[in-house]
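My request is simple: use the sequences and hints to build the entire structure.
With mature numbering (1 follows the signal peptide of the UniProt record, and there is no 0) as the guide, the letters of the sequence shown map in order to residues -15 to -1, 1 to 541.
Hints may be right or wrong, so weigh each one.
[Stated by the list, open to error] Simulated pairs of lysine to aspartate or glutamate, DMTMM-like, Cα-Cα distance not exceeding 25 Å:
| # | residue 1 | residue 2 |
| --- | --- | --- |
| 1 | K439 | D128 |
| 2 | K514 | E475 |
| 3 | K324 | D154 |
| 4 | K307 | E188 |
| 5 | K442 | E188 |
[Said to hold, decoys possible] Here are the computed distance ranges between Cβ atoms for each label pair:
| # | residue 1 | residue 2 | range |
| --- | --- | --- | --- |
| 6 | I85 | P204 | 52 to 58 Å |
| 7 | Q498 | S406 | 48 to 54 Å |
| 8 | I84 | T412 | 40 to 46 Å |
| 9 | I85 | D174 | 46 to 52 Å |
| 10 | Q379 | E173 | 15 to 21 Å |
| 11 | A313 | L501 | 29 to 35 Å |
| 12 | I84 | T409 | 40 to 46 Å |
| 13 | M295 | S521 | 47 to 53 Å |
| 14 | H133 | Y420 | 25 to 31 Å |
| 15 | D174 | R144 | 36 to 42 Å |
| 16 | I85 | L54 | 44 to 50 Å |
| 17 | T500 | S406 | 21 to 27 Å |
| 18 | L497 | T76 | 31 to 37 Å |
No lab work stands behind these hints, which were simulated from the structure alone.
We treat Cβ as the ideally placed atom computed from N, Cα and C, and that holds for glycine.
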Amino acid sequence: MAMGLFRVCLVVVTAIVNHPLLFPRENATIPENEEEIIRKMQEHQEKLRLEQLRLEEEVSRLEAEKEALRQVEEEEQQQLEAHTAWDLWTTLCMVLFLIIEVLRQNHQEGTFPECLGGDEDELSGLGGTVLQGLPLPNRATLDHFYEHCIRSTTGDATRTQEFVEGFVDDLLEALRSTYNGKTDMELEDFIGVGSMYENWQVERPLRCHLFIPFIPPEPYSFHPEFWCSSLSTPLERQGYGQIKVTLADGNPLGCVCGKAKLEEDMLCLLYGKNRGAWPSSAGCSEMEGLLCSRESSYLDVMQVMKWFQMALTRAWHRIAHKYEFDLAFGELDTPGSLKIKFRSGKSMPFILTPVIQCNDSDLYFILQLPKEPCGGGPASSAHWLLSFAVYERQFLRMTGKALPEGACHLSCLQIASFLLSKQTRLTGPSGLSDYHLKTALLHLLLSRQASDWKASKLDVRLQDLFCFLERSLLEKKLYHFFMGNHKVPETLGLPEVVRRAEPLNLFRPFVLQRTLYRNTVDSFYEMLKNAPALISEYSLHVPSVRASPPPKAVVS
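Dropping the structure here:
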C-alpha cells in the first residue's frame, strides 16, 4: 500500500517536474521561432524592397512627367513666338502685295512701257537696250519707201472699194427681192470695216470687208448676252457672247413656216434643214430644226453660216446673167469669204460677214468658226465673237481730226503691217497679227500728244510701236483697247457694260502655248532684223506696173 502510494507520488512529482509550463524547454522551441521570424523578416524585407522599387519608379515617373511638361511648355512658347513672327510676316507680305497691286493697276491705267514714257532724246539714247539693239531704217529711207511703195496704191484701193460695194448692193437687192416678211431674215445695208475703210491696208490682194446686219421678222427678236454678265465665264470665252432667240411677247419659240406658203427653194427663217425635214405646223417642236444650238434657244454659228451661204448662192443665181465673171466661195476658215473670178484669170476677194447688232450700239456679234479651247473640251458653236470694228474706225477718224496735217500714225501702221506680211511669207504665220499692231497703235494714240505724230517723226513713232510690241511680248500682256479701258473718250459712245468689263489680254494664248510664244518672239526679232534690207530692196525696185483697176460690170 505504501509502496503503491510512493509510486503514485513519484509519478505525480515526475509529471510536475516535466510539465512544460513549469520548466519550458528553451533549447527545443528556439529553433522553430527563429526560422519563422527569419522567414517573416525576409518577407518584410522583400516587401520593403518592392515598395522601395515602386517608390523609385514613381519618383522617376514624376520626374519624367515634370521634364515632359517643361519641354511642352518650351515648345509651346517657341510655337507662340514663331506664330507671332509668322503673323507679322504674313501681314507685311499682304500689305506689300496690296501696294504692288495698286501700283500695277495705276501703271496699267496711267502709263505704258518705259520706252514709251520718255522723251524722244531719251528714247533715241537707249541704243541697244531696246529691240535687242536692232537698228531701224532712218527717216529718209522710210519716207522714200512710204511714198513709192505704199501711198501710190491708194487709188487702187478706192477703185476696188467702189467696185465691190456696187456689186454687193446688187447682190443684196436680189436677196431682198425674194424676201418673205413672215419667214425670212431681213438683211440691212452693209457696213464697211477693216483696214481698207481705215485707210491703212497694204497687203495684196486688196480685200474689202463688209458687215451685213440681219434681224428676224416679227414676232421674233434677238437678245444678245455678254460674257461679263456671268461670273462663271471661262477665260477663253471672254470677248464672246450668246444670242438668245425669243418672241416679242415672251411666249415660247415656235415654228411659223406652216403659217405661210413658202416657195420650193425658200428657207424658213428658223430652219437650217432641207424642206423635207421641216415639221408640219401641227407637230412643230419648239427647238427642232431651229438655227439655234441643239435643245437650246441660242443662235448657232454653224446654222447661221449655212443659211447665209444658201441665201448668197440663191441671190447670185438670180443676177449671174448680168455679169461677165463668176462668184465663188473663198477661204473655208473665213465665214463669208467670197472671190470674184474674171475671165482674164484675175480674182478679187472680199468678205461678207453676217452680224447681229448689240442693242442700239455700234457693237456687233460676228460669225467665227468654233475652235477647240486651250484647256480642252468641246468647242461651242453658240458663242459669237464681239467685234469693235466700227468703234475702231470711229476712233481713228476722230483722233485723225485732232492730229497735225499729214500725221504719221497710219504710216507707222502700214509700214509695220508690210513688214509683218513679208515676214509671214518668209517664215510662216506666227502669233502676231495685224490686229495686234493696230491695238498697239490705238494705245499709243491715246497716250501721246497730238504734236508727237507729225510727219517728220515717222521714224521715232515707228520705233515706239515696235518697242511697245516688244514689251508686250516679253510680258505676254497686250490688253484690248476698248474692254475695261476707262481712258477711252466717252464721246465715242461705248456701252457702259464694256467699259466696266475686266481688261482682256490678247496675248493670253502665249501663257498657255509656249511653242507658239517662242516662235512669235523669234519671228518678231527676225522681222526687225530683216526690216532695213527689205525696205531698201523694195525702195530700189519699185514695180513699174500697177494693178489695173477692176473691170466695170457689164450689164447685158
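Taking the hints in turn, this is what the structure says about them:
1. Only pairs whose Cα atoms come within 25 Å are accepted, and K439 paired with D128 is accepted, the gap being roughly 13 Å.
2. Distance restraint check for K514 and E475: the Cα-Cα separation of roughly 40 Å exceeds the 25 Å cut-off, and the hinted pair is therefore not satisfied.
3. Between K324 and D154 the CA atoms are separated by roughly 16 Å; this keeps the pair inside 25 Å, and the hint holds.
4. Distance hint between K307 and E188 is unfulfilled; the C-alpha atoms sit about 30 Å from each other, more than 25 Å.
5. A distance of roughly 24 Å separates the Cα atoms of K442 and E188; the hinted pair therefore holds under the 25 Å criterion.
6. Checking the proposed 52 to 58 Å range against I85 and P204 shows it holds: the Cβ atoms sit about 55 Å from each other.
7. The hinted window of 48 to 54 Å between Q498 and S406 is violated, with their beta carbons roughly 22 Å apart.
8. Taking 40 to 46 Å as the suggested C-beta distance range, the pair I84 and T412 conforms, at roughly 43 Å.
9. Against the hinted window of 46 to 52 Å, the Cβ-Cβ separation of I85 and D174 comes to about 51 Å, which satisfies the hint.
10. Between Q379 and E173 the C-beta distance comes to about 18 Å, which sits within the given range of 15 to 21 Å.
11. The hinted range of 29 to 35 Å is satisfied by A313 and L501, whose Cβ atoms lie roughly 32 Å apart.
12. Between I84 and T409 the CB atoms are about 43 Å apart, so this pair conforms to the stated range of 40 to 46 Å.
13. Taking the beta carbon of each, M295 and S521 are about 50 Å apart, inside 47 to 53 Å as hinted.
14. Range check, H133 to Y420: about 27 Å between beta-carbon atoms, so the 25 to 31 Å window is met.
15. Hint check: D174 to R144, Cβ distance near 21 Å, so the stated range 36 to 42 Å is violated.
16. Checked against the hint of 44 to 50 Å, the C-beta distance between I85 and L54 comes to roughly 46 Å, which is consistent with it.
17. For the pair T500 and S406, the beta carbons lie near 22 Å from each other, so the given range of 21 to 27 Å is met.
18. Against the hinted window of 31 to 37 Å, the Cβ-Cβ separation of L497 and T76 comes to about 34 Å, which satisfies the hint.
Going down the numbered hints, you'll see the structure goes against 2, 4, 7 and 15, while the others check out.
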